[in-house]
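J.: Here are the chains, one letter per residue:
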Amino acid sequence: DQQVKQNSPSLSVQEGRISILNCDYTNSMFDYFLWYKKYPAEGPTFLISISSIKDKNEDGRFTVFLNKSAKHLSLHIVPSQPGDSAVYFCAAKRPGTASKLTFGTGTRLQVTL
Amino acid sequence: KAGVTQTPRYLIKTRGQQVTLSCSPISGHRSVSWYQQTPGQGLQFLFEYFSETQRNKGNFPGRFSGRQFSNSRSEMNVSTLELGDSALYLCASSLAGTSGTYEQYFGPGTRLTVT
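Here the protein sequences line up with chains A and B, keeping their order.
Quick note: the first sequence, position 2, residue 2 per my numbering, numbers continuous.
With the second sequence counted from 1, adding 1000 to any position gets you my numbering.
The set of hints was computed from the structure by calculation and includes no laboratory data.
Just to be clear, a hint being listed does not mean it is correct.
Stated by the list, open to error - Rough simulated footprint, nothing fancy, chain B against chain A, three-plus residues with beta-carbon under 8 Å:
#1 45-53
#2 62-74
#3 100-106
Just so you know, even glycine gets a beta-carbon here, dropped at the ideal spot from N, CA and C.
With the hints as extra help, turn the sequences into a complete structure.
T.: Shown next, in the form of structure tokens:
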């Protein structure tokens, strides 16, 4: 049962444009969401997170939006840069499980010149 | 601060053998979690240790075990290796919710190949 889903396996965006990565979840108990970026042969790198009591969080070029009624979150990267090319994972946790994250399957973002 | 370190980075084992992987967390992090990444299943949670106690466990067979030492360093052991255990094993450390944050910081992983 895939509780966190990233339905787009890949996304291609031009440099300077906005990248929007999407994530859906089925478990309404999730109370904290995170986005990670992963390069080949490296571990995931934390990007940004959001608590379920908020609907938006920004950090520089990265903004995460949470729509609890739709059980949907998205990561916006503006402007996109070639160095953003990587696989992006969304992850979620339930209350009382501080360090047990459920990950989506990832979206490969390619930023082209 | 130094990041999460994992050793070894690469490992080749034969079916039936056992293997031990090591993880050193970020200084001050008392929680260490282990994940398995495979192309078919993505990133899956194995278990978490906090203050030398296993606090959470994923849906993996008992062949997968771990432990944590008093300095928060952790080891993961897989016994009776199977071909399907070939994967990237990732260790992550965190403050485990203190200050209301739940971010986990990952090491580079150990690539295990079982032949």
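J.: To test your reading of the hints: which numbers does this structure violate?
T.: As far as the earlier hints go, only 2 is violated by this structure.
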